[in-house]
Amino acid sequence: MNLYKYASPTVFYPLAGKLIPWFSISSALLFALGLYVGFFVAPVDFQQGDAYRIMFIHVPAAWMGMFLYVLMAIYAGVGWAFNARLASMMASSISITGAMFTFLSLVTGAFWGKPTWGTWWVWDARMTSTLILLFLYIGFISLQASIEDTRRADRAGAVLALVGVINVPIIYFSVQWWNTLHQGATIRILNKPTIAPPMLAAMLIMLAACWLYSVAVVLIRLRHIIAERELQRARFAEVVT
Amino acid sequence: MRSLSEFISLGGYGFYVWGSYLFALVAIGGEVLSLRRRKKSSDK
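Protein chains in written order, with the numbering used here: chain E, 108 to 348; chain H, 14 to 57.
Chain H extracted, bound-state conformation (with noise of 0.2 Å):
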């Protein structure tokens, strides 16, 4: 098991890691934001 900021820097890919997966977040995030306000607005 690795400390907390060995998990972190991810032996020095964790800028490159981290990025990759928050961006994935942004997006996965960002299509079911959208589609939860297009509810909105298909219900008025």
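Only chain E is shown next, with the shape it has when bound in the complex (with noise of 0.2 Å):
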């Protein structure tokens, strides 16, 4: 089988098409699961009260906040260098939720940091820094909308994307490096989770079904890109010709 037939966006297309469904029930099915486990299985935090129960949202939306800049700028970094149309629109796709994800992270912690520390925001190193994350979104998407040549707007997206990349193991490591008022860790990879069992699950519920979730509306947006794209392209051809 030749997988690289997949990178053409018109092989892409229909493939695509059929994948999204898959996601999107999955996803839908798992948000459900996760809001009861999290909500009726949950026991109360004897510290935090139900207030923690925000981190069921808060922390997935973080988590991907990051993990979608970072597949962005991997998208947007092999667009560049190996001239592959289909890998700079999954970059611009990938933005828009990432960006939603990063906002909602900042929210949710707002509404978390309200009544556990009396403050919606402080310029923490952590907040901060993912606040910077969420202004590199928009910098991409606005720096993509600014410029019409559709390959010059993937080049100087990729530029700030990869430049931007920096700025996710700042977020990540934040709480080690800086005394933040934000929390350590609490799900680390080698070390024992410092939660009881039905906590982590509907975390790791939440956390999958974002996962596909993004994978779900970054394929219906690419199928958008490719058809205006491809539809550009044709026009183009037909004043030419």
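Calculated from the structure, these hints are not laboratory results.
Heads up, a few of these hints could be off.
[As the list claims (entries may be wrong)] Across the chosen pairs, the derived CB separations fall in these ranges:
| no. | chain 1 | residue 1 | chain 2 | residue 2 | range |
| --- | --- | --- | --- | --- | --- |
| 1 | H | Phe28 | E | Val229 | 13 to 23 Å |
| 2 | E | Pro305 | H | Leu48 | 25 to 35 Å |
| 3 | H | Phe28 | E | Pro150 | 18 to 28 Å |
| 4 | H | Lys53 | E | Val229 | 37 to 47 Å |
| 5 | H | Ser16 | E | Leu267 | 44 to 54 Å |
| 6 | E | Trp129 | H | Ser16 | 19 to 29 Å |
[Stated by the list, open to error] Far from chain E, by Cβ distances over 10 Å, these chain H residues were calculated:
| no. | residue |
| --- | --- |
| 7 | Ser16 |
| 8 | Leu17 |
| 9 | Ser33 |
Treat the numbers as computed from the prediction; the structure is a model and nothing was measured.
Every residue, glycine too, gets a C-beta built ideally from N, C-alpha and C.
Two chains, two frames, some hints: make the complex.
Structure representation (structure tokens):
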């Protein structure tokens, strides 16, 4: 099987169309399951009371904001280095969903901060670097929107996306490097997590739901981008010939 | 199992917890709706 053929937008378009329903349905089911476990199975936290239930959406949203940024930068970089149109379109498609999740993590974080810290916002290292992440997404989106020539827009976006990647490890390690108001990581890859199993389960189910959701909406938007750009090319070809 | 009013108030954190989830619904629902609209405009 020749996998390279899927790098062609016109071949990828119908394939994405077949995949979208599966990702959409499984994401909806996992959101329902995650909320059920999060609100009916997970016990009340003895320190934070019920406020901690915000974490089931806040933590996955924050992770998605960071993961999607790295993914966007990789696709943008590949699209630039190998002149791969589909990869650049993928980066554009990811940017909107990444910005949405980053914004969601900031808002839900404020909703958590107000009752537990007594403030909606502080200029703490993690929160400030997350705000910068949102600005990087917005910068990428508006830079691409401001350049009419799509391939030039892709290249300019790639430069911005790749430079901005440095911000992701800063966000991740900010709680260790600086004395932040934001708490440290609860779930570590090497150590045992420090939360009760149903709480962890709810968070991981919500994370899986957010991933599947992201794949679904990114593919749907990618199909729109392919349709719009290929239409543009077809019209251009008509004018020239 | 908690009563409905206890479930809504969530030990006094109801506003913050439900506010967060309501916002999540608006953000995710908004993205889905805008994609639906984009579909209609690109179909034309």
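Problem set entry | Hints that the structure is at odds with (numbers, increasing) | 6 and 9
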